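Participant: Got two chains here, each in a separate frame; can you build the complex from them with the hints?
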Amino acid sequence: MDIFGIPIQALMGQLLIGLINGSFYAILSLGLAIIFGLLNIINFAHGALYMMGAFGAWIGLTWLGLNYWVALVAVPVVVGAVGMLIERTMLKHLYKLDHLYGLLLTFGLALIIEGLFRYRFGISGESYPVPELLSGGFNLGFMFLPKYRAWVVAVSLVVCFGSWFVIERTKLGSYLRAGTENAQLLQAFGINVPLMITLTYGFGVALAAFAGVLAAPVFQVNPVMGSNLIIVVFAVVVIGGMGSIMGSIVTGLGLGLVEGLTRVFYPEASAVVIFVIMGIVLLLRPAGLFGRER
Amino acid sequence: MKRKILGSAVAAAVAMAPALSPAATNVSDAIVKLGVLTDMSGTYSDLSGPGAVEATKMAVEDFIAKEKPDFKIEVISADHQNKADISANKAREWIDTAKVDAIVDLVTTSTALAVMKVANEKNRVSLVNGAGSTPITNEQCNDTTVHWAYDTYALPVGTARAVVKQGGKSWYFITADYAFGHSLEKNTSDVVTKSGGKVLGSVRHPFPGSDFSSFLLSAQASGAQVIGLANAGADTINSIKQAKEFGITPKQSLAGLLMFISDVHSLGLDATQGMYLTTGFYWDRNDETRAWSKRYFERMKRMPTMVQAGDYSAVYHYLKAIKAAGTDEAKAVMAKMREMPVNDFFAKNGKVRVDGRMVHDMYLAQVKKPSESKYPWDYYHIREVIPGDEAYIPLSESKCPLVKK
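Quick note, the sequences are listed as chains B and U, same order.
Take the first sequence: its letters are residues 6 to 299, numbered as in our numbering.
Take the second sequence: its letters are residues 4 to 408, numbered as in our numbering.
Just so you know, the hints here were simulated from the structure itself, not pulled from any lab data.
Computed from a predicted model, the values in this text were never measured in an experiment.
All C-beta atoms, glycine included, are put in the ideal place defined by N, C-alpha and C.
Mixed in with the good hints, there may be bad ones.
When the alpha-carbon atoms are kept at most 25 Å apart in a straight line, the in silico DMTMM-like pairs for lysine to aspartate or glutamate are as follows [stated by the list, open to error]:
1. 372/U <-> 137/B
2. 371/U <-> 137/B
3. 189/U <-> 273/B
4. 304/U <-> 131/B
5. 334/U <-> 77/U
6. 247/U <-> 273/B
7. 372/U <-> 131/B
8. 247/U <-> 131/B
9. 152/B <-> 273/U
10. 254/U <-> 137/B
11. 247/U <-> 137/B
12. 297/U <-> 131/B
13. 377/U <-> 131/B
14. 371/U <-> 131/B
15. 201/U <-> 273/B
Quick look at which bits of chain B chain U covers, simulated, 3 or more residues with Cβ under 8 Å [unchecked claim]:
16. 142 to 155
17. 226 to 238
18. 263 to 277
With the rest of the complex left out, here is chain U (with noise of 0.2 Å):
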């Protein structure tokens, strides 16, 4: 306060004095480097992919505007290709040469468990978005990594308790045949009888495959009031495309346990009406969601994914924690992004945990009728909100090495 009455001579050494204050960020090389690495052209590039790269760059505007660091930032990214060892060596020669302080997105699990393996080596710091199974923040996890928007626990509790207490009682599944697929399933099949619900039994199809028209019929003939469709990607959206086709739905309903709002915009509302489905962030639940997605909107023209939104969220964190922290080392950043909660559009008193995971509140979603969608990507009902702590694996049952009992 006693500089501004000083006049405009002092003017450039208050503008001087972040630089020179001890409390400066001892940022290692005067930059702090975030790598995106993700999906660019693959099976993954709508819901992570260049839309990741955009909301880190956001993310990045956002802080330098609003926070005023005293380091510099910058952005890289590259595709991974979905391949663990492309993704290793590309972390490997951003670390050593590129001098990449945090990597980002990482969409698929044997990309992000093979990246934050050599991250946690070299001491950098790993935001994991994309990818979603549990072992990141379990049997794998350590402690230079975090997993922001969702996991394949969280995804299918919400979306199997839901419908389970909609009276779906009696559940047959249609699981991609490969690890993804079965954890899926079983997880969701523990959920159901936990529930109340039956379990009649399962189907497992060839990853990937295009023809589902067996596997449903299969699933049709099981007499199940609800399909569980533990697969992903095209694989579930050609399933939901051909129960409509074969009179399946809606005489049996259908679970998606793994969607993204870009393959119900791709299927269009007609074919998804009425599924349920569970998400760690849509874009028109509130006016804060709704502003920053809007901006998101203008440059990609498509409206982000929980996994895009989740890219922008981790990275304002860990900016922040930087910032808090005085400087960029792993520990210390990891340090502060735990200790501060998370409070942005994408998360309301969010917390980073000891094993790495970031607890968020979830939605449970029901897909709109065409008739109901009154503007572009009005696509969901919001009809529950599941608290973190409910989503989440409990930390007493977790079997990260991290977590002291």
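Okay, chain B solo, but in the shape it has when bound (with noise of 0.2 Å):
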């Protein structure tokens, strides 16, 4: 049976390979949508801190002897911490200004991460393998699907819709939310604000480098591998409506098959798909598909 002259075999592959991506799209933005909802900072540094995690993950192997799965725990706690470091030096002072001022500033320590990795690493990067584990992969008839990636839908889905659980239907969360709409208000009834807002960012940072150990083993461990995906992760940000937690998620996941289809009918337009995508829905509704207009 063909679609459009396309064997559905093929589109049936070409669809679980968006949703592949789109897991990694969906685990990032929902950290970027985590700290602007509460923050108020354009996380620029983001796919900096995402190549930490998946350097995170080699060093620990390589150096430390740490496998996968202690890297899948253990490296977003570390990168988590600096991102708390970060927070409390620097952004802290920030929170009054301008969203520019946060966005600049994270944009230079994105340059500066990948400047330091850059320089001790080299450009070519290293190679992280596959765990023992989630080598090889099933044959599903249509496609040969690695287990490694299977592993990672799964355990994006169960990440992501966890966070969302906490923010949207615990005790928890409704502080955070509460936060986000009236800070002072929160802090008037005895919560730590501060603290709290250290803690969601190092959350958010850690959720980069948890996305960044997933995908170690799937992509070169390079430097910049950062800065060629954080820019379609804020497009995603954008059309699933800045701060929203089940938009970001839902647009993630959403975009990953887009990109999948655009790969089969016409590859050379998979790169700015995503980009004609936010322009339109920037045009009709500017706050994004999940957001709310304030």
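Facilitator: Put into structure tokens, the structure is as follows:
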């Protein structure tokens, strides 16, 4: 059976790959959305922190002998701590200023972090092996699905919807959301808002590092891997609606699928299709698909 | 000989003799200055970059030690960030104010083309090594440019012919969607069909890309025996890595059309084993290449790519030509460079043609299995030596205006 001249099997394969890429988009844009929601910071360093996550996994394996599973837990914690340090020492001075200052600071940070890694590791980067347990794959009939990719989709969905649940359905999450609305009032109720902000930034950064560890066996671990991805992820956040948690998850997965379809029908356009959608969405719904006008 | 027996009193005069003799090299402002213009921190910094600067310095040191020239030599370097406008401005500045005589390396085609034009206007030499596109010695050739280590004709030609000969008859291309990728795909397709193979199709991916699984899936669906990677750098690396992940290799085989030893090193043998590639230099080919490369390794902690080894060879040959010509005037030096054969660890009987192409043998390499690699950087089997005359575009097909037909 063919759809527009493309065998349905090829189409299924490409859609599945779209979903895999969408998982990365979702997990990264979720971190950005959380940070923007509470801190009002457009975190341009997100790509560099994602790259740090991937390098963290590589360093753990090569220098310290820590396997993938340890890295998956330890690296986000360490990189998240670095994030909190950044928040405490630099970002906290910018909350009262325009978005632009946060953007410029984090952009500068991204360049510095990337430069340091480039200096130490060179541009070609390093190769991270797929963990033993997840090597090989399933033959789905229409395509060969590497086990590792299936794992990426599963774990991303769990982490994304888990985060959504915590933020939207728990008491802790209600503090977070209240902080987004009116931080001063929340502080009056005896909540330590500055601490909450620091922890939130740390969590957003940890998500980026987590995505980095997930990406290490799939992509070559190199210092610019984050900057290649971050622009697309920003487009995802804008389309989903800045600061919208569910928006960023759904849009991330959805745009992965759209990209996958474009690669079937007109591969040359697959790099721009997301930006075309962004343009259209901004024209019709400036606050994004899931965002609220303020 | 006479002087020798005249005793120590004359020794001082002997030492001064070269400076006084009429054969002294007429070097402008008494110094030959080499400017290494390359990518010091970007995509190509591993295959050329700081290694290119170091190789140039080695050539200068060796030349001074061995040939004892009567002129001074200085090396300066700068990062051109792979941008043509920055390169052209830097070249102009170097030539006008720093009195640079030759510009070395020039990775990426756009920067090479921009700089060789500026250098030619001001009558200075360009020793191109990093960039690979054929227009450098073809449509846009000029009489003060030399192109040394490889080009995008020689690489795919060697690889494609060999792979078809080994039985890889049907091809599918994964091509970077810009001029370089297109021309690489076209050059290779021509060779494949000429050698009796068949091209089943191609897919073009945005440049730069990171996820190649969709394109690999299309290549897999085509059923082609060989997937030609008409891309470079990180794109090639990620294509190879993901081909393994999706179980495409080893059922279908990959052919890297532009690959350097730095790519193989960064990917590891597990992912690259069995691949064919063409190279202008391999460090472990013979005693001479090993001896030089080990010296390079001492300084850089990496083995040289063909670009870095080529920088050394080109710079040494250029300095020799200055000594032979007795001047550093570009046209005279170029004449000597064409006249003298290139014989060093890099090339045997290499020849600089009228279009600026240094013709030398190329090597078809196959990447070793991890079990076959006995020591660090032991990566290639050299399967075939491709004679220079077969590897490069013949002068009869040249579009260079300098070639008289």
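Participant: If you check each hint against the structure, which ones fail?
Facilitator: none
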